[in-house]
Every structure is written in structure tokens, then in C-alpha cells.
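Protein sequence lines correspond, in order, to chains A and B. For the first sequence, our numbering begins at 458 and goes up steadily by one. For the second sequence, our numbering begins at 7 and goes up steadily by one.
Just to be clear, a hint being listed does not mean it is correct.
To be verified - Computed footprint of chain A on chain B, listed as stretches where at least three residues anywhere in the stretch have a Cβ under 8 Å from a Cβ of chain A: (1) 25-39; (2) 170-179; (3) 195-205.
Stated by the list, open to error - Restraint-style ranges between C-beta atoms, simulated for each label pair: (4) Leu-109/B <-> Arg-548/A: 53 to 63 Å; (5) Ser-623/A <-> Lys-100/B: 31 to 41 Å; (6) Lys-707/A <-> Asn-248/B: 52 to 62 Å; (7) Gly-699/A <-> Ile-127/B: 29 to 39 Å.
These are computed hints drawn from the structure, not numbers from a lab. C-beta: ideal position from N, C-alpha, C; glycine also.
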Amino acid sequence: MSTAAASIRPAALTVLRGAAAIVLMGLAWEAIVLLFSVNPYYLPRLSVILTSITTVPDAYIAGFMRTLSETLLGFTFGVVVGVFNGVMFHRSRLLKELIFPIFIISQTIPVIAFGAVVVLWFGNTILAKALIAFYLTFFPVTVNTLNGLEAVDPRQVDLLRSFGASRMKLLFQLQLPAALPQIFVALRLACTLSLLGAIAGEWFGDTVGLGVLLLQAMYNENVVALWATILVSGLLGTSFYGLVAWAEHKIVFWKAEL
Amino acid sequence: MNLRSLIPSRATRRAALGLFGLVALWELAARGLELPAYVLPSVSSILQAIADQRVMLFAAARITLMEAVFGFFLGTLVGVALAVVLTMVPSIRKLALPTATALNSVPVVAYAPLILLWFGIGPESKIVMVSLAVGFTVFLHALAGLDRVDQRAIDLMRSFGADRAAILWRLRIPAAIPLTAAGMRVSTVRAMIVAIVTEMLGATGGLGWTIYQAVLQIDFVQVWSAIFVASAASLIFFSIVNTLEKRYVFWK
Chain A
458 MSTAAASIRP AALTVLRGAA AIVLMGLAWE AIVLLFSVNP YYLPRLSVIL TSITTVPDAY
518 IAGFMRTLSE TLLGFTFGVV VGVFNGVMFH RSRLLKELIF PIFIISQTIP VIAFGAVVVL
578 WFGNTILAKA LIAFYLTFFP VTVNTLNGLE AVDPRQVDLL RSFGASRMKL LFQLQLPAAL
638 PQIFVALRLA CTLSLLGAIA GEWFGDTVGL GVLLLQAMYN ENVVALWATI LVSGLLGTSF
698 YGLVAWAEHK IVFWKAEL
Chain B
7 MNLRSLIPSR ATRRAALGLF GLVALWELAA RGLELPAYVL PSVSSILQAI ADQRVMLFAA
67 ARITLMEAVF GFFLGTLVGV ALAVVLTMVP SIRKLALPTA TALNSVPVVA YAPLILLWFG
127 IGPESKIVMV SLAVGFTVFL HALAGLDRVD QRAIDLMRSF GADRAAILWR LRIPAAIPLT
187 AAGMRVSTVR AMIVAIVTEM LGATGGLGWT IYQAVLQIDF VQVWSAIFVA SAASLIFFSI
247 VNTLEKRYVF WK
């Protein structure tokens with residue numbers, strides 16, 4: 458019990474320090490705008506932005522939830538497919554050499570250009586946005602899973618095999634756990650990318666979502682609403698990232714020893 | 007060695023085979039199932055459209071590439087400079103690093119509307135967006151690289167009387183270059199994508215603008231041909247940076 462408490466304390470301290478940094482930054486923002494009387498067209502006061510969120514929070518909450526669900530859907534999908542691809546490519550050199558170059562080329566295609574096509578294919582549904590988020594996330598997860606699997610000590614594989622471990626057992630008991638630190642690096646990258654995909658995906662004529670709010674604010678030249686949406690996106694991005702980092706800390710607890 | 011490198015390796019042959027298979031499958035599906043152009047135009051019709059409109063597409067690609075390359079260098083410069091300053095002056099680091107992390111937690115495309123309002127719909131806003139996206143990546147890579155030196159090596163240099171600048175110049179920067187170069191390599195494709203994404207929100211020219219116009223006119227062959235050109239341009243940009251990296255960062 459005491460070890461658990463000891464591991465919570467530094468984590469709580471990190472969170473506290475982060476919160477303190479955020480509060481400080483907020484104060485600095487407010488002070489800089491007031492002191493140098495910055496043109497609100499460029500940078501409105503933080504308090505003005507926060508007030509605009511709290512006075513009509515409905516649109517931001519709805520947008521947050523919508524974008525969150527698109528992001529999570531695309532992220533989950535991308536992680537599952539990415540890990541699966543990584544395992545397949547690790548198993549079969551032929552598959553890897555045939556398909557992997559196509560994946561690389563696929564990543565040079567501007568997502569949002571693809572967005573127009575995807576929205577056409579799937580209609581203006583949540584699925585279309587999730588697919589764009591997926592498109593951005595599966596590749597880094599594939600690459601890191603593959604790298605992680607290839608870095609597994611072959612002597613350990615031989616040892617387990619000599620005890621008669623099946624391929625499945627080998628995969629789930631040794632290879633995937635050994636690749637987890639690498640996979641988590643990709644997951645942290647993927648949570649940023651999936652959010653990016655979801656927001657850009659919404660630019661093709663959706664009605665709800667943070668991306669929509671951004672566009673509306675831009676067309677109305679409403680800088681306060683623009684900053685408000687940026688802050689909400691940042692909140693979404695940070696909490697998602699924090700959650701993944703926390704999961705990494707809990708699941709890959711042995712990483713510190715490496 | 008030289009002769010062997012001329013013969014494509016098995017991996018290259020298989021890559022070509024895979025790509026060829028994909029194109030064949032695409033062409034067959036588009037023609038065999040008689041898919042309408044807005045679902046999936048055939049590769050041959052896309053290539054035909056590229057050939058027909060090569061002047062226009064080439065001009066658009068040039069604009070986008072200019073924005074991407076300018077932004078790329080500007081972002082790299084700012085990212086590296088910031089990383090060096092932060093390594094030299096640790097007191098700034100405590101303040102600047104959380105700020106950078108907070109700014110970075112917002113997906114970069116979310117800044118696009120704001121940057122467009124600030125810098126207008128000309129190429130400037132795209133260059134700023136690209137340098138923002140590239141700058142963060144390069145900054146984080148450079149910072150990690152500058153930190154990656156052996157403490158014992160620093161202690162050794164210090165014992166010989168080296169000051170901070172000497173340690174930076176002779177130890178930290180050479181150690182940081184491989185990682186920084188890797189960050190630059192990753193950023194090439196991102197630079198192109200960000201330039202195109204920003205163009206789609208408002209521009210006077212470029213591939214993103216071409217795509218946006220084509221979507222409005224429901225001309226999906228045009229959308230695909232612009233996508234093809236963008237992808238080819240990204241690959242060329244990537245391979246140039248990749249080749250330069252391989253040639254000059256030999257000590258990796």
C-alpha cells in the first residue's frame with residue numbers, strides 16, 4: 458500500500474506543477490495584453506475569452522464531445538489496425554516489402570485533400586471524420602510496432618520456443634509486451650494526430666464540432682471565438698495526451714529500468 | 007559495390023510490384039465496376055488529366071512548394087535557435103518549455119484560421135503555418151539532441167577549462183545534429199501537408215487552392231490529379247532532404 462502511495466505522490470506533484478505553470482501562463486497572458494495594450498484583434502485578454510466560453514458554453518461542449526468521439530473512434534481504429542499491421546509485417550517479410558512502401562506513399566497525401574473524397578464516400582457522418590483521424594494514426598503505430606517487435610531479443614524468443622510456446626503465446630507473452638514502450642511512443646504521437654484529423658475532417662461541411670467552430674469564427678472574423686475554440690482544442694488535446702501518458706506510466710511501468 | 011547498387015534489391019523490386027499491383031487493382035476496380043468519377047476515377051484518367059493540365063498543376067505545385075520550403079527553413083532556423091538558447095540559459099528553459107508544450111498541445115491546424123486572419127490569404131500565412139508546424143518538431147528534436155550528451159564528456163571538457171559556448175559548439179551541437187536532421191526529415195512531408203491545408207482555407211493559388219476549387223466544382227478527377235501531384239512533390243522534397251542528410255550527417 459505504501460509503495461502505491463509513494464508512486465501517487467510524484468504523479469500528483471507533476472500534475473500540480475503543471476497546473477501551476479498553466480495558471481502562471483494565464484496570468485502572464487492577461488498581464489502582457491493589459492500592459493502593452495495589445496490590439497484585441499491579435500490577442501484578446503484571456504479573461505475575455507474565458508468569459509465568452511462560460512456565457513455560451515453549449516456550442517463548445519457540443520463541439521468538444523463531437524470532436525472527442527471522432528478522435529477516439531479514429532484513434533482506437535488506427536491503433537488496432539496499426540498494431541495488427543505491425544505484427545503482420547513482422548511475420549511476413551513479403552507482405553512488408555509489398556505493402557509498406559504503399560503506406561509510406563499514402564502518408565505524403567495531404568489528409569484534408571483526401572477529406573473531400575472521404576466525405577463523399579461516407580457522407581457527412583462521424584465515420585468520415587473518424588476515418589481521416591484513422592488515416593493519420595495507423596502509420597506511426599505500424600512503424601513503431603514493427604520496430605518494437607524487431608528489437609525483441611532473439612535469444613528470448615528461442616528460449617520460449619524451446620519450452621514449446623505457440624506463436625500466439627510468443628506474441629502475447631513476449632513480443633508485444635517487449636514492443637509496448639515503442640508502441641506507446643507512437644500512441645502519444647497518434648493522439649495529437651487523430652485530433653488533428655478530426656478537426657480538419659470537420660471542415661467539409663459539418664455542423665457540429667471544434668473544426669466547425671474554428672471555421673465559423675474565421676468567417677465572422679471573431680477573434681475571441683477563435684481563441685476560445687483554440688483553447689478548447691488545447692484542453693481536449695492535453696487531456697487526451699495526459700490520459701495516454703498516464704496509461705503508459707501504469708502499463709509500461711518497467712520502462713524506467715531500460 | 008557500385009555495380010551492385012545499380013541492380014534493384016529484392017525490397018525495391020517488391021515495392022515496385024506492390025505499387026504496380028495497387029495501381030492495377032485501382033484501374034480494374036474503377037473500370038470493371040464502372041465507378042463514377044466522383045467515387046473513384048481510374049488511374050489512367052487521372053494521369054490523362056495531369057498531362058492535360060500540366061501547366062496549371064505545375065504552377066500550383068510551384069507555389070505550394072515555395073511556401074513549404076520557405077516555411078521549412080524558417081521553422082528549422084527558429085526551432086534550432088530556440089533549442090540552443092534554452093540549452094544555454096537554463097533559467098529560460100523552465101519558463102519556455104511548458105509554454106512550448108502548451109502551444110504544441112493544440113493541433114497545429116487549429117491555428118490556421120487565426121494565422122489567416124492575421125497574415126491574410128497570401129503566401130505569408132502559409133509560410134507562417136508551415137514554420138510553426140516544422141518549428142515545433144525541429145525544436146523538440148534539437149532540444150532532445152542537445153541534451154543527449156554524456157555528462158562525463160561535459161565534465162571532461164570543463165576540467166580542461168572549456169566554457170559554455172565551447173561545450174555547445176564542440177560537443178552539444180555535433181551530438182544534436184543527427185536528431186535535428188531526423189526531425190527535419192520528418193517535417194518535410196508535414197510542411198507540404200500544412201501548406202496545402204492552409205491553402206484550402208483561403209489562398210490565391212497553390213495545390214490546396216486547386217483542390218478546394220475542384221471540390222466546389224465537383225470535379226473529382228481534378229481533385230485526384232492535384233493529390234497525385236502533391237504526393238509526388240512531397241516525395242521529391244523528402245528525398246532531397248533525405249539524401250542531404252545521408253551525405254552530410256555521416257557520423258550518425
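How the hints compare with the structure:
Judged by the Cβ-Cβ criterion of 8 Å, the segment 25-39 of chain B is covered by chain A as claimed, because 3 of its residues qualify and three suffice. Counting residues of the segment 170-179 of chain B whose C-beta sits closer than 8 Å to any C-beta of chain A gives 0, which falls short of three, so the coverage hint is violated. With 5 residues bearing a CB less than 8 Å from a CB of chain A, the segment 195-205 of chain B meets the requirement of three and the coverage assertion stands. Between Leu-109/B and Arg-548/A the beta carbon distance is about 41 Å. The supplied range of 53 to 63 Å is therefore violated.
For Ser-623/A and Lys-100/B, the Cβ-Cβ distance of about 51 Å falls outside the hinted range of 31 to 41 Å, so the restraint is violated. Between Lys-707/A and Asn-248/B the beta carbons are some 37 Å apart, a value that contradicts the proposed interval 52 to 62 Å. For the hinted restraint 29 to 39 Å between Gly-699/A and Ile-127/B, the CB-CB distance of approximately 36 Å keeps it satisfied.
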